[in-house]
Amino acid sequence: MYEKRVTIINKTGLHARPAVVFVKTAAQYKASILVSRADKPGTKVNAKSMVFVLSLSASQGTEICITAEGADEQAAVEALAALTETGFDEG
Amino acid sequence: MKLKGLPAYKGVVFGKASLYLPREAAPEPSCNSQTESTEEKVLRYETALRRADTEIEKIVCAAGKDDTEQKKIMCAHRMILEDVAMDEMIRNAITRGKSAANAICETYETFIALLQDAENQFTQERVSDMRDVRSRLLRCLSGEEEQSLSHLPEPVIIVTKELYPSDTVTIDRENVLAIVTETGGITSHTAILARSYGIPTVLSVPHITEYLSEGDELIVDAVTGCLYLDPTQEEITACRKQQAAYQKEKNVINTYAAAEGKTPDGIRIQIEMNISNADTVREEDAAHSDGVGLMRSEFLFMDREQLPDEETQLAHYRAALEKWRGKPVILRTVDIGGDKQLPCLPLKKEENPFLGKRALRLCFDRTDIFRTQLRAALRASVYGELWLMFPMVSSMDDWHRAKGFVQTVMEELAEEHIHFNPAIKLGIMIEVPSIAIMADQAAREVDFASVGTNDLCQYLMAADRMNPEVSAYYQTFNPAMFRILRYLAQCFTREKKPLGVCGEMGGDPRTALALVGMGIHMLSMNASAMPGVKRVINNITAEEARQITDAICEARTAEEAEAVLTVRLAALSEAELAERRSDEEVF
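These protein sequence lines map, in sequence, to chains A and B. If you read the first sequence in my numbering, its first letter stands for residue 1, the second for the next number, and so on. If you read the second sequence in my numbering, its first letter stands for residue 1, the second for the next number, and so on.
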């Protein structure tokens with residue numbers, strides 16, 4: 001299992017286009033990936049599900065925790081973390 | 001069977017019913033749900049999934065390269081449709097013995113509840129997308145084709161619960177003979193569409209979509225508001241007669257299309273148009289009007305993710321001014337509130353949006369939006385005769401504040417050496433009773449005013465105009481309405497300031513007659529209403545109109561007032577038709 005915490009910096013948060021990019025990226029990996037809000041560790045959801053990711057209501061400034069388990073777990077988490085930390089190219 | 005509703009645009013139509021129920025979840029076919037094996041159910045679900053995906057793909061392709069709002073929405077729909085977590089849950093439910101339809105319904109319900117709980121408003125808006133996708137998937141499961149009003153194979157009578165703004169944009173005008181709805185009042189989207197396109201329409205016929213089947217023959221008498229299902233020979237004969245009489249009258253009315261609005265005793269009444277987008281107005285309609293009495297600016301804010309910038313707005317206002325070539329164009333600053341959800345402007349949901357932070361109140365709060373619009377309007381003012389009007393003014397403070405904003409923006413433009421008309425006319429929309437009562441003060445200060453009778457009536461009568469439950473309380477013919485309008489006319493006449501009416505009362509020939517009688521000389525309406533109003537004005541003297549107005553202000557009830565006006569109009573039709581008949585006999 002591989003885990004990492006990152007803070008959402010883009011304006012829109014994990015909604016609209018950024019959410020789409022996040023989910024599509026997650027879908028490229030074989031590992032099962034879960035994402036949760038650091039302030040609500042109980043709400044771990046499937047990172048490959050658009051609807052679940054939206055249900056997190058993670059806005060700008062929210063810290064999220066990305067966990068993956070499987071062959072490519074590290075690559076998956078690092079890719080998603082990098083995407084989040086660069087603000088999904090949104091600024 | 002005979003049913004009664006609310007006529008929104010007149011006409012008598014014989015035709016076939018076409019049920020339009022796009023937002024309804026299709027019922028589960030009862031047959032094979034028991035006997036079907038799990039494998040068969042999964043297969044049916046997968047087929048439905050593929051069909052739904054193909055439909056969405058088609059819509060996305062049709063949108064072309066443009067990154068339209070519709071395209072973005074459809075892409076979001078595809079993400080929902082293909083969601084791995086939902087897919088898994090549906091398959092699990094089927095394996096546990098649920099029918100495919102129930103599995104889909106349950107799963108979507110679960111996820112919709114999840115999103116509804118989310119704190120974020122963007123997320124909550126996705127709920128309506130989820131519902132759309134669910135309906136599409138269920139329909140695909142039942143094997144039904146997608147319905148759309150944009151391409152109808154033959155002329156039909158559209159029977160529906162209510163049309164949505166999106167339908168009204170794409171509707172196939174050529175093949176819609178008439179519209180019948182279950183809900184909606186005379187100021188609903190459907191009614192506005194019917195009037196602007198001239199489609200005979202009957203609203204508020206309860207359960208009509210359940211009484212009719214696809215292809216059923218029916219008669220829509222949108223003159224009286226009656227529907228005849230499976231009509232008897234007598235009813236058919238009576239309706240044919242009614243249809244001929246209406247057609248005759250319509251022919252007479254249409255002879256006034258190009259006429260000037262002038263009473264037989266020489267009073268000139270300005271006949272103006274209510275518009276949203278100048279590009280969609282026919283050239284001849286513009287030419288036959290005396291200007292634009294109400295240019296709505298809300299549509300600029302719809303269907304887009306970003307607020308419309310100054311240049312976009314300038315281009316729209318300029319297009320209208322150039323189309324009407326020097327005739328006045330009254331631009332109403334944006335009238336948006338919590339009742340409309342706009343992607344570019346997420347607003348807090350309010351308990352009572354029509355009594356909430358809307359229109360001018362919103363502009364005072366979001367000065368960035370107000371400033372951009374005022375800049376665009378002032379810059380457009382050099383291209384024609386632009387008048388600027390503020391909606392939802394409830395006190396003189398609102399007026400002073402709005403005027404102050406204009407002053408500031410003018411100074412800003414002057415500093416930037418940008419041209420504008422410094423003598424631009426500034427006015428108010430009268431729709432809140434408090435400012436109507438203060439009309440004597442207002443008339444002294446404003447350059448002009450226009451009465452929004454739809455909202456004035458709903459605020460005065462305390463009856464929500466969108467709520468069919470209270471439609472009987474929303475009385476435009478109530479003598480209280482005529483009295484308040486007469487008071488407004490007196491105040492503005494005294495100050496020699498123009499006063500217009502841009503609500504539905506301006507476009508109904510009966511109420512238009514009453515308004516002329518009060519001394520209101522500017523009436524604004526949809527294009528299709530102009531000939532009918534011009535005809536009344538050209539045949540009834542201002543003096544007689546004044547007497548009629550006095551009579552209806554003394555009436556006790558809306559019914560009494562309406563009867564006076566209806567009888568006078570009927571007499572006019574009678575006289576005109578008699579005249580035509582004698583002409584026919586001569587030749």
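Some hints could be false.
Think about it this way: if two alpha-carbon atoms lie no more than 16 angstroms apart in a straight line, the pair counts; the simulated EDC-like pairs of lysine to aspartate or glutamate are [unchecked claim]:
| id | chain 1 | residue 1 | chain 2 | residue 2 |
| --- | --- | --- | --- | --- |
| 1 | A | K11 | B | E82 |
| 2 | B | K161 | B | E210 |
| 3 | B | K496 | B | E445 |
| 4 | A | K24 | B | E554 |
| 5 | A | K44 | A | D72 |
| 6 | B | K98 | B | D87 |
| 7 | A | K40 | B | D117 |
| 8 | B | K403 | B | E445 |
Restraint ranges, calculated between C-beta atoms of paired labels, are given here [as the list claims (entries may be wrong)]:
| id | chain 1 | residue 1 | chain 2 | residue 2 | range |
| --- | --- | --- | --- | --- | --- |
| 9 | B | T367 | A | T43 | 48 to 58 angstroms |
| 10 | A | D39 | B | T367 | 51 to 61 angstroms |
| 11 | B | E162 | A | Q74 | 13 to 23 angstroms |
| 12 | B | T367 | A | Q60 | 22 to 32 angstroms |
Hints in this document: simulated from the structure, not taken from any laboratory. Glycine is no exception: its CB is placed at the ideal position from the N, C-alpha and C atoms.
Outcome of the hint check:
A hinted pair counts as satisfied when its Cα atoms are at most 16 angstroms apart, and K11(A) with E82(B) does not qualify at roughly 26 angstroms. For the hint linking K161(B) to E210(B), the alpha-carbon distance of about 10 angstroms falls within 16 angstroms, and the restraint holds. The suggested pairing of K496(B) with E445(B) holds, with an alpha-carbon distance near 12 angstroms, which does not exceed 16 angstroms. At roughly 70 angstroms between alpha-carbon atoms, K24(A) and E554(B) are farther apart than 16 angstroms, so this suggested pair is violated.
A C-alpha spacing of about 19 angstroms is found between K44(A) and D72(A), which places the hinted pair above 16 angstroms, so the restraint is violated. Of the pairs offered as hints, the one joining K98(B) and D87(B) holds, with about 14 angstroms between alpha carbons and a cut-off of 16 angstroms not exceeded. Of the pairs offered as hints, the one joining K40(A) and D117(B) holds, with about 15 angstroms between alpha carbons and a cut-off of 16 angstroms not exceeded. Of the pairs offered as hints, the one joining K403(B) and E445(B) holds, with about 11 angstroms between alpha carbons and a cut-off of 16 angstroms not exceeded.
Between T367(B) and T43(A) the beta carbon distance is about 38 angstroms. The supplied range of 48 to 58 angstroms is therefore violated. For D39(A) and T367(B), the Cβ-Cβ distance of about 34 angstroms falls outside the hinted range of 51 to 61 angstroms, so the restraint is violated. The given range of 13 to 23 angstroms is broken by E162(B) and Q74(A), whose C-beta atoms sit roughly 54 angstroms from each other. For the pair T367(B) and Q60(A), the beta carbons lie near 24 angstroms from each other, so the given range of 22 to 32 angstroms is met.
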